Amino acid sequence: MHSPVPNYGIRVDGTRFWVIHQKRLFGPFDYQFSFDLQGIEMLYQSRKFGECCSDEELCADLSDFHLPLKVAEVATVILGVSIRGIFCCQRADLRVDDMEAHLQQAGLGRYTQGLRKSA
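FYI, the numbering for the sequence shown is 0 to 118, going by numbering that gives the first Met the number 0.
By construction, these hints were calculated from the structure, which means they are not laboratory data.
Possibly wrong hints are sitting among the right ones.
Here are the computed lysine to any residue pairs in the SDA-like style, where the Cα-Cα straight-line distance is at most 20 Å [unchecked claim]: (1) K47 <-> D35; (2) K69 <-> P5; (3) K47 <-> W17; (4) K22 <-> Y7; (5) K47 <-> P67; (6) K47 <-> Y30; (7) K47 <-> D63; (8) K47 <-> Q31; (9) K69 <-> A105; (10) K22 <-> T111; (11) K69 <-> N6.
Quick caveat: nothing in here was measured; it's all calculated off a predicted structure.
Could you build all of it, start to finish, from the sequences and the hints given here?
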């Protein structure tokens with residue numbers, strides 16, 4: 000039997016995650032290194048929607064997917080913190096701490112449910 004889906008949160012499987020918004024799952028969001036290994040590509044449902052080439056250069060556009068604004072905001076925070084942590088060689092547990100802190104700062108604290116399962 001499946002556990003009930005919460006109203007808001009994150010569901011994590013490795014590097015992939017889903018944003019739970021009003022009991023609906025949006026995702027998976029993921030990232031992968033670019034072919035030249037010089038940057039990290041951001042993916043939604045296996046389609047590239049952005050990339051980060053350095054800590055000063057990031058471009059992303061989720062508008063083609065017509066996601067709720069809160070889903071895009073949460074995904075941006077999670078991916079941004081993940082990618083910054085990768086560039087800075089930060090431990091995974093510290094990245095989760097940063098994700099929680101940034102979600103709280105952005106007024107998205109209700110989405111932190113499920114993050115600790117990824118640590």
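Hint by hint, which ones does the structure fall short of? none
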